[in-house]
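Asks: So you can see what is in the structure, the chains are spelled out below.
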Amino acid sequence: MSEMRPDPDALLERVKLEEGRTARGKLKIFLGAAPGVGKTYAMLQEARRLSARETDVALGYIEPHVRPETAALILGLDIIPPKVVEYRGLQLRELDLDACLRRKPKVLLVDELAHSNPPGSRHPKRWQDVEELLAAGIDVFTTLNVQHIESLKDIVASITGVMVRETVPDSFLDGADQIELVDIAPDDLIERFRSGNVYVSEEAERAMENFFRKENLIALRELSLRRAAERVGVELEGYRKSRLERPVWPIGDHLLVCVGPSPFSSRLVRATRRMAAGLKAPWVAAYVETPRSARLSQAAREQLTENLRLAQELGGEVVTLGGEDVVTELIDFARKRNVTKIVVGKPLQPRWKELLQGSLVYELTRRSGEIDVYVISGDAERAGRREGRVLKARWRPISYAWALAAVAVSTALGFLMVPSFALANIVMVYLLGVVVVAAACGERGPSVLVSVLSVVAFDFFFVPPKFSFGVSDLEYVFTFMVMLASGLIISDLTLRLRRQAEWARQRERATAALYAMSRTLLGTHGVEEMLREAARQLSSVFDAKVAVLLPDEEGNLKAADVGELGYEVDERERAVADWAFRHGENAGLGTSTLPLAAAHYHILSASSGPAGVIGLEPSEASTLLDPERLHLLDTFTNQVGLAIERARLATRARAVEMEVDIERLRNSLLSAVSHDLRTPLASIMGSSSTLLEKGDVLPPETRRELEEAIYDEAERLNRLVGNLLDVTRIEGGALSLRREWSSVEEIVGVVLARLSRSLEDHPVKTSIPSDLPLVPVDPVLVEQVLFNLVDNAIRHTPAGAGIDVSAERRPGEVIVSVADSGGGISPGEEARVFEKFQRAKRGEPGGGVGLGLTISKGIVTAHGGRIWVENCPDGGAVFRFGLPIVGDPPPVPEEGGLAPSQALPAGQGGQDRT
Amino acid sequence: MVLVVEDDRQIRRFLRALLTAQGYRVVEADTGKAGLREATARVPDVIILDLGLPDMEGIDLLREVRQWSSIPVIVLSARGHERHKVEALDSGADDYLTKPFGASELCARLRVALRRSPDSRGGDGPFTVGDLKVDLAARRVTVGDREVHLTPIEYRLLAALVKHAGKVLTHGHLLAEVWGPGCAFENTYPRVYMSQLRRKIEKDPTRPRYLLTESGVGYRLAAE
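Read top to bottom, the protein sequences are chains A and B.
Going by our numbering, the residue at position 902 of the first sequence is 902; the numbering climbs one at a time, nothing skipped.
Going by our numbering, the residue at position 74 of the second sequence is 988; the numbering climbs one at a time, nothing skipped.
FYI, nobody ran anything at the bench for these hints, they're computed from the structure.
Worth double-checking, as some hints may not be accurate.
[Claimed, not checked] Per label pair, the in silico range of CB-to-CB distance:
hint, chain 1, residue 1, chain 2, residue 2, range
1, A, Val721, B, Arg1025, 23 to 33 angstroms
2, A, Ile815, B, Arg1025, 52 to 62 angstroms
3, A, Ile815, B, Met915, 18 to 28 angstroms
4, B, Gln936, A, Val721, 27 to 37 angstroms
5, A, Cys872, B, Arg1060, 30 to 40 angstroms
6, A, Cys872, B, Ala1017, 49 to 59 angstroms
Just so it is clear, CB atoms sit at the ideal spot from N, CA and C, and this is done for glycine as well.
Could you build all of it, start to finish, from the sequences and the hints given here?
Replies: If you want it as structure tokens, here you go:
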């Protein structure tokens, strides 16, 4: 029972550990305009200063440097050896993250924050490694070039002509505790470069010549100065805010940028971020999902996901809107959120398309009302080309057959109509055919076909000159155009309608799935059931195989069984799941941690921390990377997490309830026992004290009565104490049986002898067959059982009524029965009489505390037998118990001649002398 | 003269009262060592020994005494300690009493214990109790007017009980006496034969008058 109540010391330990764990390390970034300004040098200088002051400093990773002065600074500092990773035949030296975590220095130096790790590393980027180090409480110094800052990527590209691929998100930068700008005059830098004193990675060597031109360096320097200044401004304001203690409401701006599946959107996002930073305003990136966009190609989807993720990384809020019309949705959202400026890209499509389909920018500008619209220019030749084509509907040959059929039917009808109707009406018949086919098939192809064929048929069969393809009247060209147009419009409409319906259906499916899952989760009890349900839902909605990992009592994750919905969680996958669980972050496929894992691991969050991990191995990896789906997954897993927590709490509540019950039972035992112990004691003390004080004046009969009372009550007390001791032994499992081959007849004799006094008023009839076999039991204990039963019988039988004790042999056991002629047992109570503290409803004169039958049951059960009670047909109850016979008694040697020692076989079963 | 070796004062008090009333002289000792001293010094006629003494095991005292004397010893023990009783009896105790016990039981035991005389009962004429008459010399057993025919082993068993009439005999003792010393631990034999004896001698084998069972310890032939 003591495990239920948490140990306060243990709790304190845990709190302290948690506290220690959540104390984040401090990040100091040495920022420079270009390679070679001396960032690493500055960092190492700082490190040496700290080291001299007895701080625990270690080098996590330093780029191999050319400059001897820098190399000299490394001497004497503690180096954590880099990990050697094989990649594409190269031996790469990388930061050994685990070694650093193990070593846990106070300060760790990590060079080149923007570096990308080779595939197979825990995180794809070094800044993510640094994130983990910081979370572990290690302070980190690092270096960064301004061109590696995400939001500045485009500007740098336009300055230097070099598009950098490795970047660090601004949000990470903003989270740094200190940024130190390492600055050097451009001339000096060029000098350094010329004399070969600048470290440059091999791949960029050629580009570097171009890079180290004076105008570039000046621009970069300005950029880095500005960025550092921006940071200072933010710090200052933060400081001011905290001093003033009053929240400063931004009267200011709120930006919205519209994101789409084109790579141009990423420029927009970055530009918005810069604007927002400049205005010190929050910003939102919105994507509007329309029925049309529900059919995006794979590549387009991926690009969209990328763009949205970029927005998130850069510190913007990401929302997905849904609706018919992009502009309407955007403006509604903007109004709701008090957006002041909307950012869009310059239109890229050719003018004629714009005329046909309308321009987003134009619409937006017209309908935005008081909201400003910023139109950002893009790189026209790069964008647009990669935009995915809308998926075509599947080509179904049957639709074409329908088209042909329709034309045939129309023609036939036409022939029927020719005598009575004008030609114009026959056109109507064909038109009807076109409309029907377009509506039914909803595909362009068949619609076009039916239109063309209709016109041709009409022309051939009905337009003079008949049965030829000439057109005598130019009017019919007009008819043809109208037919074609109607066919196309209607088929287009149908298609659009279909798509809308499909899209609405999809959304509805997702919502329905969510609803279904929450309903079933609510209904199921027991964590097992719940998990299976959840797995089923997740598997169907996300089209993936599911693994559910829950922590056991020690906190280690164990995979729960989900049948064929599950996949094999091997060592590597388990490691990913463990990481996710321990850090409370999602990991695996589609995340920024260990993205090469086979599955996506999502935390099941509950109010007290992660309750487990769900792994999803999708049949198509890319379907999971969609932020919309991840969002849905989040919602699902939250539900499951909460449900699990609820189940756990319910179990805990039940356990607490049970504990309360046990306490209550214990209390009732104590009160029952104390009463039943005190009563005979009261009687004894009363009688004896009376004898002591008034003994001489009492008449002898009264004296005798009191003396007898003392004896009887003492006997009763003796029996009670014996019962209590027996019950304690039985309950505590301390009942040890000393089996011997015993005679039932003998035991009956002992019991009756013990009760001879009480049996004076009750005639006893015994029927024990003389050939009853010996039973392998503990004779003293079985005697106790029989004693309790007979004693019970005596107490429930009126004086003069008889008691029967009998025994009979059954296959494999001996059944002993004690029948009384008392009131019998109320039907339904047959099992309860054997429970503790059960007394007959009628008042018990001199009764025990109700343990006799319980003890009997305990003893019989310990022997492997059973005990029960039946009502006799003619009133009264009969208690029976069965003792199993296992094995054979040792054969008693035959009389006559044989010396006993020679006749002795080795002892067989049933005799255990403990 | 009775030596009472018992550490509990109240029990000593009531024993003293009872025994004195019966006409015995009483000597008390409250520890094992004191008991040993008294036994050696006074040489009582019977010793009442509590097995649950604080300073030494009652059984050790028993063995000590048995080394130089065959004074009758009655041991006192608590319920549930049958093994101790058997051990004591097998180490030389004559009888036992289970606490809590009453006056009549104690007196009965004492009488039996003191009755033992150096000459075996065999030469003193037939043994009678109630309707049962056992003539060891003539090897004849009768219950009332009915003669009872016993097998050799049954007879040997009955004879052993008669020799120590009124006293409890452990299974082990009976085994040794009837079947010989090589048959340790087969309590089945005495049990089976006791059953047979009971059926031949007792009016109602389930309510024996003469052949009494001492639960967990052994058997006793009623002496009165």
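Asks: With reference to the structure, classify each hint as holding or not holding.
Replies: Verification of the hints:
1. Between valine 721(A) and arginine 1025(B) the beta carbon distance is about 30 angstroms. The supplied range of 23 to 33 angstroms therefore holds.
2. The hinted range of 52 to 62 angstroms is not satisfied by isoleucine 815(A) and arginine 1025(B), whose Cβ atoms lie roughly 41 angstroms apart.
3. One distance hint, 18 to 28 angstroms for the beta-carbon pair isoleucine 815(A) and methionine 915(B), is violated here, with the actual separation near 53 angstroms.
4. The given range of 27 to 37 angstroms is respected by glutamine 936(B) and valine 721(A), whose C-beta atoms sit roughly 29 angstroms from each other.
5. Checked against the given bound of 30 to 40 angstroms, the beta carbons of cysteine 872(A) and arginine 1060(B), roughly 37 angstroms apart, stay inside it.
6. For cysteine 872(A) and alanine 1017(B), the Cβ-Cβ distance of about 41 angstroms falls outside the hinted range of 49 to 59 angstroms, so the restraint is violated.
In the structure shown, a violation is registered for the earlier hints numbered 2, 3 and 6, in ascending order.
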